[in-house]
Amino acid sequence: WLFTSGQIPVDPKSGEIVQGGIEKQTERVMENIKNILIFSGMDLNDVIKTTVYLNDINEFAKFNEVFARYFQINPPARATVEVSKLPKGVGIEIDAIAYKE
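The numbers in my numbering rise by one with no breaks, and the one at position 26 of the sequence shown is 26.
Quick caveat, the hints were computed from the structure, so don't treat them as lab data.
Glycine is no exception: its CB is placed at the ideal position from the N, C-alpha and C atoms.
Only true hints are included.
Derived Cβ-Cβ restraints for the label pairs, each shown as a range:
#  : residue 1 : residue 2 : range
1  : A61       : S84       : 16 to 22 Å
2  : K100      : N58       : 33 to 39 Å
3  : S40       : R78       : 18 to 24 Å
4  : K24       : Q72       : 18 to 24 Å
5  : G41       : A61       : 31 to 37 Å
6  : K49       : E16       : 27 to 33 Å
7  : D43       : E23       : 18 to 24 Å
8  : R78       : F39       : 21 to 27 Å
9  : G89       : I48       : 29 to 35 Å
10 : N58       : I36       : 27 to 33 Å
Here are the simulated SDA-like pairs of lysine to any residue, each with C-alpha atoms no more than 20 Å apart in a straight line:
#  : residue 1 : residue 2
11 : K88       : T51
12 : K62       : G89
13 : K100      : S40
14 : K62       : V81
15 : K100      : T51
16 : K100      : I48
17 : K49       : Q72
18 : K24       : A68
19 : K85       : S5
20 : K24       : G6
Could you build the full structure based on these sequences and the hints that come with them?
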């Protein structure tokens, strides 16, 4: 089992928040999650549940387009909620649960 902490769009090399809208921020978050999984001997196919926090639910369609590219086959269960504020003023945070036998 692997439980990630909530991931925000921080570039791991620079430590800076990724700018450029919800699409770019979602890409960065998903790449961060993917890297955590790889480091743990897993991959995105092992993700069974995600929780997505958006600071603007009106951005859901844009977010979902990017998210769907990472989970094209058997996407995990997902809860998506709108929150009033996220750390460092970002637009998205995602945590994931993965399982591998």
